[in-house]
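Novice: The chain contents come next:
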Amino acid sequence: MTLTAADKALVVALWGKISGQTEALGAEALFRLFTCFGQSKTYFSHFDLSQGSADLKRHGAKVLGALGEAASHLDNLPQALSKLSDLHAYNLRVDPANFQLLSHSIQVTLAAHFPADFTPEAQSAWDKFISAVSGVLTSKYR
Amino acid sequence: MVLSAADATHVHTVLDHVKGHEDTYGAEALNRTFTSHPQTKTYFHGKDLAENSAYLHSHGKKVMSALVNASAHCDNIYGALDKLSDMHAHELMVDPANFPILAHNILVTLAIHLPQVLTPACHVSLDKFLCEVGDALTHKYR
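Residue numbers (our numbering), protein chains in the order written: chain E, 8 to 149; chain X, -10 to 131.
Hints listed in this document are in silico derivations from the structure and should not be mistaken for laboratory results.
Yeah, the Cβ is synthetic: ideal placement off N, Cα and C, and Gly gets one too.
Treat the hints loosely; a few may be bogus.
Sample of chain E residues at the chain X side, in silico, Cβ under 10 Å [to be verified]:
#	residue
1	Ser26
2	Ser60
3	Ala61
4	Leu117
5	Pro122
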């Protein structure tokens, strides 16, 4: 997955607007994920997954925060995400299929909150970006 | 895929807001599909796929109108889409992998224009509905 200069600019620009609301946006993306794709809840038996729960807000902020971290290291994602990659490979072992489901849920959330910014070009850039991040997080599974 | 009564209600709620905007929303959903997943353009050789082209509007209107019509028959989507199903099986032969891609882009488009309407509950119902539509259009392929 190669992000063009234009893609990178779009990722960074939208991240600027997201960074102040990672809790609310992250919680919503996760809630949409769990609502639409019940199988994804299998990894969260220890969480309160009700809408707006403290668990969802805290974890949502973590997930979007990691994307933000990735957004400032677009030229070296494998290194920037190395620890998270280890975590997913040896600890969490989230089935790779779930990354696409989460990507969809994040994109719908962004579309709902940033209709003017989430242009088709921005959507494409974020789709590629999240895809690249997902690729790194699942790269050490085998 | 079984659509509950609640799902049908949610689908009607959302698609009622699409009525009158079939061409705009349809054109946008198609444009987002072609932008994020350029391989989907393979089925549209020779067509003007530029954003807001007349073709995108007319084809987008066709697609969204078919969805609005199908939504009136949530308990018999296969029956409602029988003719379109024949067309896809014997003429168009759009690879089944493309239906989830289009569904994703329809949902993003609806989130852009109807953020308050596409609640998580409506989101899952519409996702189920679009899955069922995809199945209905591809079930005669073999």
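Novice: Tell me the numbers of any earlier hints that the structure contravenes, in ascending order.
Specialist: 1, 2 and 3
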